[in-house]
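Letter by letter, the chains look like this.
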Amino acid sequence: MLGTDLKKGSAEFLVLSLLEHERRHGYELNKLIESRSKGVLTFHIASLYPLLYRMEDRGWIVGRWVEKAGERRRRFYSINAAGRRALGEMRDGWLEFAAAVAQVTGVRYG
Amino acid sequence: MDEWRARLRNVVAGWGLSPEEQTGIVDELEQHLEQELADLRLRVGDAAARERIMKQVDDPALRDASVRPRHRPAVSVLSSRERGAGVAGLARDVRYGWRSLRTSPGTTAMATIALALGIGLTTVMFTIIYGVLLRGLPFEQGDRIAMVMEANSSRREGELSLSMHDFFTYRDAQRSFETFGAWGPITVNISGDERPERVEAARLTAAALSVTRVRPSLGRAFRADDEAPNGSLVVLLSHSLWRDRYASDSGVIGRAVRVNGQAATVVGVMPDGFGFPHESKLWVPFRLNPSAVPWGSGTHVNGVGRLRTGVTYAQANAELAAIAGRIARDHPESNAGVRAVVQPFIRATIPPRVYALLYAMFGAVGLVFLVACTNVANLLLARAAHRTKEVAIRTTMGASRAAIARQFLVEALVLSTVAAALGAAIAQVGIAAFRSAIAGQAPFWADFRLHPQVFAFIAFAAIVASLASGLLPAITAARGNITDVLKDQSLGSSSRRSGRLSRGLVVFELVLSSALLVVAALTTKSVLNLRSIEPGFRTRDVMTGRITLSARGAENQSAFFDRVEEEIARLPGAVATSLSTNLPGSGWSGRAVAVEGRTYSGASRWPGARHLAVTPGFFKTFDVAVLRGRAIGVEDRVGTVPVAVVNQRFVDRNFPGADPLGHRINLSPDDTVAQWVTIVGVFPTLYATDQGSINANNPWPSEVLTAFRQESSGSASIAIRTAGDPTSVAQSLRAAVASLDPDLPVYSLAPMSDVLAQSRWDVRIFGGLFVVFGIVALALASIGLYAVLAFSVSRREREMGIRMALGAAGADIVGLVFRGGAVQLAIGVSVGVFLGVGAARLAGAVLFQVHATDPAIISVVIATLAATGFAACVAPAWRATKSDPVRSLRSE
Chain S
43 MLGTDLKKGS AEFLVLSLLE HERRHGYELN KLIESRSKGV LTFHIASLYP
93 LLYRMEDRGW IVGRWVEKAG ERRRRFYSIN AAGRRALGEM RDGWLEFAAA
143 VAQVTGVRYG
Chain W
5 MDEWRARLRN VVAGWGLSPE EQTGIVDELE QHLEQELADL RLRVGDAAAR
55 ERIMKQVDDP ALRDASVRPR HRPAVSVLSS RERGAGVAGL ARDVRYGWRS
105 LRTSPGTTAM ATIALALGIG LTTVMFTIIY GVLLRGLPFE QGDRIAMVME
155 ANSSRREGEL SLSMHDFFTY RDAQRSFETF GAWGPITVNI SGDERPERVE
205 AARLTAAALS VTRVRPSLGR AFRADDEAPN GSLVVLLSHS LWRDRYASDS
255 GVIGRAVRVN GQAATVVGVM PDGFGFPHES KLWVPFRLNP SAVPWGSGTH
305 VNGVGRLRTG VTYAQANAEL AAIAGRIARD HPESNAGVRA VVQPFIRATI
355 PPRVYALLYA MFGAVGLVFL VACTNVANLL LARAAHRTKE VAIRTTMGAS
405 RAAIARQFLV EALVLSTVAA ALGAAIAQVG IAAFRSAIAG QAPFWADFRL
455 HPQVFAFIAF AAIVASLASG LLPAITAARG NITDVLKDQS LGSSSRRSGR
505 LSRGLVVFEL VLSSALLVVA ALTTKSVLNL RSIEPGFRTR DVMTGRITLS
555 ARGAENQSAF FDRVEEEIAR LPGAVATSLS TNLPGSGWSG RAVAVEGRTY
605 SGASRWPGAR HLAVTPGFFK TFDVAVLRGR AIGVEDRVGT VPVAVVNQRF
655 VDRNFPGADP LGHRINLSPD DTVAQWVTIV GVFPTLYATD QGSINANNPW
705 PSEVLTAFRQ ESSGSASIAI RTAGDPTSVA QSLRAAVASL DPDLPVYSLA
755 PMSDVLAQSR WDVRIFGGLF VVFGIVALAL ASIGLYAVLA FSVSRREREM
805 GIRMALGAAG ADIVGLVFRG GAVQLAIGVS VGVFLGVGAA RLAGAVLFQV
855 HATDPAIISV VIATLAATGF AACVAPAWRA TKSDPVRSLR SE
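Taken in sequence, the protein lines are chains S and W.
Residue numbering for the first sequence is 43 to 152, as defined by the numbering used here.
Residue numbering for the second sequence is 5 to 896, as defined by the numbering used here.
Rather than coming from a laboratory, the hints here were simulated on the basis of the structure.
It cannot be assumed that every hint is accurate.
[Stated by the list, open to error] Now the stretches of chain W that chain S is said to cover, found in silico as 3 or more residues with beta-carbon under 8 Å:
{"id": "1", "segment": "37-44"}
{"id": "2", "segment": "56-66"}
[Unchecked claim] In silico EDC-like pairs for lysine to aspartate or glutamate, Cα to Cα no more than 20 Å straight-line:
{"id": "3", "chain 1": "W", "residue 1": "Lys59", "chain 2": "S", "residue 2": "Glu76"}
{"id": "4", "chain 1": "W", "residue 1": "Lys624", "chain 2": "W", "residue 2": "Asp729"}
{"id": "5", "chain 1": "S", "residue 1": "Lys73", "chain 2": "W", "residue 2": "Glu38"}
{"id": "6", "chain 1": "S", "residue 1": "Lys73", "chain 2": "W", "residue 2": "Glu40"}
{"id": "7", "chain 1": "S", "residue 1": "Lys73", "chain 2": "W", "residue 2": "Glu34"}
{"id": "8", "chain 1": "S", "residue 1": "Lys73", "chain 2": "W", "residue 2": "Asp43"}
{"id": "9", "chain 1": "W", "residue 1": "Lys624", "chain 2": "W", "residue 2": "Asp545"}
Where is the CB? At the ideal position from N, CA and C, for every residue including glycine.
Isolated chain W, as found in the complex (with noise of 0.2 Å):
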């Protein structure tokens, strides 16, 4: 720039006139020197003509002239309508923002598309949260309801039921509720008039039922009286049990049935959807004597009781911490450390690694999400680059900056807005998938659906992303330097700017998703090892089911196990058939053991081991090979010397180098009667998982197999090997139990594969949803790659094509395009990769037997950012290298 024109616009700048203003005097003066520059050069020369310019620019009565603020109302026609404000302005806006968006219909389609992604699956993740956990039980005040546990600092255990003697004192004693019952979950066989069936259900005092406030939709409630210990049993029916078992019968109040074996009485239905506290099905009184047992033993309930009006939790948990502490001075022996803890329902019930994962998900959506508007922004700073002369125009025009801000904000508002509609029905679709894959896993008062708070949400993030990807582009836009992009063509400093910026974002995408991309190809490959798994054991073809017996002896139990073997071995199309503890896979309970002759210098030291007791069926049934030794036969019986069948994984941690076949391990160590087996034979090691646990530390065990028969058990998993559908068996699996006992009802009837892949749904949804949080990072990642090295490739072509005619031949030029975008690349990924191994630590839990700093994964992530960033540059340079000399120059 000549230097008087960097003086002049310092003398103006002095003039304490509005910016625009500024501009304006600016280009008036600038004109009228130039002018008279050319007419002066003509007589005196170059020089002199410079130097006659520079005095009046340097003349102290430009400096001190007083110019005010000028209002000029009629500086031109269009910029006073340009002016309005308000709500008609702003229709304007939206108007013009609408019909500039259409002229660039593949901008406009990517950026709303990426942004629609963006917003569905934060939605998605949204409505999960807010139906679980923020929306509340659907109860009248629903906040109100606490839980009461107990948690015991000095044994670091967290969160116990209350022991009966505990409840009634806090009961009697405390100011804080309304009403205060306790309840149990138990799961119950209903039996008697219908088919046997087996269900949740809950045990509940009557201040417990009426915490929720709750009536029975057909009948009554629990009154105190049915809780006496000798009184007739009652129960209440859920809407569903209702509806299925007694086909909506209004005439089922008074109804005999058998529960557990026991007679009882229908009294009540409660209402659809009601499944206080756990899921129940059916509740009955909870009876509770807790004269009948020393302090601190017998039966231990959950307190639940509904907060007094103006009862804050603080002062709830601060009257129960007063009572903990009387009870424990009273009874050291059973209560000594125990504090009291009163939370919210849904916070107490919720474990704390659920809540932990769903936050650690939604912080990853609002990543895919920040990816979106980062993307959007650079579309949009793309084309306010394009467009800095139809910007300077409407400034010279009179648009104020604060106009033309506007106007690039409102662009970024009808697009967001577009997308937020497109969002919404995205998280329509993904919540139907979502609510599908989780049927029947979701806490019964868990609503997932596009609520009318979901609308406010999805209206907050289309503002929010107006906001995040219109901001930069409309300050950069109205920061444009209008006077430089008017004088001439050539590339303005704006452009330069934005072309920094829009390459800070760039990498800033490419740090997000890489970062999301590391995680989601770790969960992708925990689920696909999960997918993967060779068990070790036939899951095909191996139908399952569980019966409970209701109390007898044991030798009865025995018997009756013995007789149910015998029927199911009959069943046509069984191949082999077991009865065992549990399930293989899921269904391994944990315990220490101890081998003979062995000291252990704690019970912390003692080994552990999963543990089954099967029958001699096992083996055949699953498909598991004996390697050494013999497997778990007939003649072990009660009576007989007690065996056990032990892992190869065992062997090598138990008896490396040694023949582990003859000795003795005590299955419980910890008890005063210890449980002697001696090893007969190995088998090897199955897959376990554990149960309830959303990460499996080891799924390759230490694993014991005993023999069911030697054991006591009031519980049988049956397992029938088929010849062929698995599921052809159930109906006469069915059949066979109840013509042996027509009140026992056959329960978790399923296939053995959908019982192996039930025990891991977590990951697998979860896992999935990274997944998808994931690819579209990843898609939007490119996408956002690719406009940007278009875009500044576009810019550049005059460059390209001097650099061209100077010589430069075109793989010049694409390397050149190319060390631009791999500087991006560079450091994106590798700060990306960083914090991804990073998150993937915190978001262990949904891991499967994948490390986080795994190298194979790691590759794959930069390879595949690499190959798409390699692809963004792949167009872009290529037409760089098309572009022509000749033309470049002349526009120059």
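Extracted from the complex, chain S is given alone in its bound form (with noise of 0.2 Å):
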């Protein structure tokens, strides 16, 4: 498992990118977000839910109740404008970064 300072550095990137082409409710966006990692990355309701709320917030994402004949309805977040250009810049420092710590370590990506 992750150190939280890195986990809670990446988590709105992490939800802006699963969001990208496609709105997901909680539950889904965390079981993504573990079998994606492998188990290495998993949010509490403690962590995930504040966060998407703060994400909504700011104006990045959109919460939506949806309804469908014969199940419980569901809340659903999808990415906006904001939230794009926002991952757009994330990507781009991650990329960034990733590059320069690189560079130092000799890590490389495979």
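Bring the two chains, given one by one in their own frames, into a single complex with the hints.
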């Protein structure tokens, strides 16, 4: 499992990436993060939802209740224009950072 | 509920969010955890999964999470529209409310009719009170017109008229009134040009007339010189007298008429509707000559004045009190303990008893209104419970509690508005009925119409109704626990709560309506008692009328009455005729009597009796038998021994076990000159009402009949028993009297049955109104009881189904439903009957020969409500037994 600080800094990045092409609900987001990181990254509700609400406040994502016939309503989150801009900046920053780290440490991505 | 859910709610509740945000977040987190729990269960088993979930919930990080209240503008498309406030929002709510009410037309119609009845009846009572008490005199600043009377506290006498001397002293000393005059009631015979007529009139000083600021529509008003004792007499005519008697002839001014046999000249005609001060149709100047009589004696008058601008009633009272004090010092023999009382004219004119009665009835009708509101509240509550799902969805779609509550209130308002329109129509009909029932009895200023103020009252009532009936359902609906309702369809806590609430409302409703029913039943019995009363004398086929002789000598009077009786005895169709000082029934005059040879310890110990002086024909005309001795005979004339015939009740009270015949009684023991009469016969007790009193204390009193020809009377009531329709002799009666004296009018022409009914018109009208209130209250309470029982059964259908599946018989289910209703009935009815009896004691004014705790009445009320409750239970209970156990279980 990753250190808390690192996770915190990257959490928003992760969420925005996962919402980039598809709207998802909270549990789904958590599951995806967990499975794609092969269990390295997991969130508890205590961190995930306050994070989502914060991002919503900041105007990066939009939460919306969706009701389908015969199903319970669920709250789906989708990315909006501001979120996409933020995601772009984070990606650039991350790449820059990763490149820098690689140069210093000699670690390379496989 | 799982423990973790409860804790989760607790944690989120600590975040300080708005209720709706909280609900949304709890919902979202719950879903997340539920799903996680399901996933974990497959991997680690139930217990461990729960432990992990609990750990997440108990994570201090969650408790401390800083979630700022969010402003989610785009939570959903619907919610942003729903949030709309202001006019557009209201209009949408009204539209939505209308649509939603239309989806349950039965409920809506029932609630509307209930409320319409409530509003309609309340409006009728308000119109009556407004028309007679609140609207005021139809004069410029009518509320500034005051009556000035006196009270003697040492003799416990209130509202006395003023002696002339007091009046002039007040008039000359006071500064509170800009005009101050005197008036006195009088009834006059008007004749001299057309057929003679007897009309209610008033003697007015010129100032008393100008107090009203009303000018004659024709001619002139009174002038100060009209009051000179020896001047020529002038009269003012009312519009109606001018119209009916003089065919609205504008040349009437200057015409010579005779007023009580005295020559007079018409100087003016007052405008239409002017009847000041007492339904007067004619006015003569008040001629007062205080120097002719000692202080305090002579004619007494009523003071009337118009308060100066800026002077209050309190100030006027204080000023006149000071003057009264000075008079009492100067003339203690007549004025010791006498105070002045300045009151608004209407307040002083309407008897306090009537005031109390009117407001008591307003209170009663207010209860009916409350029953109606309760009913509507109940129906809306039932709807709210059925709509918990709809409300939950709206809430989760972002509608705030306020919006939900508003929606319910708006629905109540829509309903009340329709009901108010309907209520106005009901009131219109009610007022028309009341007007025709009270025709001729109302004071001249009374105007019973749907005035703009009445419409304002209706609007107010509608708003009160919508708040009273909508608030509880609105709050209940808004508080409804959304997640519970959405999670499963089983009975949520909200419907249990609304069930308790609506059961409470029904008990409340039962209390009100059983109280009203008690009063209504008592007054119904009073009215029936009055209808079915056997007065002991003939009322069918008896025509009556009255004549009052203008001043002439006693001998002339007696001779004239002899001739009158001769004339009327010859009328075609007359079977029997009589003259009497007044008519039996309402005409008895009360007096004290003393039996010869007995000593009485004081004036208050003299036995009372009702008295009439009659001619011999009385007994045949009114079919009154003589039980012992003889009747009044033709031989009983002036100069022979004065005789009396007493009734059985008189004998029972004054001669128990003894023979009254031959004994003498004094008919005026309080006078220095005794009026001894010898008892010559006994007749059965006849019915007697208190004239002018709503409350007949004892309709079967001691009675004494004396010989009309042995007394002197200026007036006589004529009674003619006819072979056929009594009214057929009216014309010939008039002609017969006119042939003897063309100036003498026969007035109060009416069949005896009408005279008797007339004497109790107040009980009939107000009693009748109470009956209507009671019936409406019963109907409303029945609807309410039925609706609530039906509702509670429908909510328990599954439970019933399970019970039946477990072997309960239909009878058990019916019993179950019944027990629920029976408890409410028992509580509501017992409290209500108790209150009703208390109220009936207060409303004792309209009770006639019924005791407030009449056991028969109370049993009838209880039986009626029990039967209604029973009926209200039958349908729901029966439906309950039909619930299909399998379907019930499946839906669980």
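Hint check results:
1. 37-44: Holds: 3 residues of the segment 37-44 of chain W have a Cβ under 8 Å from chain S.
2. 56-66: holds (count 5)
3. W:Lys59 <-> S:Glu76: 18 Å, holds
4. W:Lys624 <-> W:Asp729: Satisfied, since the Cα-Cα distance of roughly 18 Å is no more than 20 Å.
5. S:Lys73 <-> W:Glu38: 14 Å, holds
6. S:Lys73 <-> W:Glu40: 9 Å, holds
7. S:Lys73 <-> W:Glu34: 16 Å, holds
8. S:Lys73 <-> W:Asp43: Cα-Cα ~11 Å, so holds.
9. W:Lys624 <-> W:Asp545: Measuring from Cα to Cα gives roughly 12 Å; hence the hint holds.
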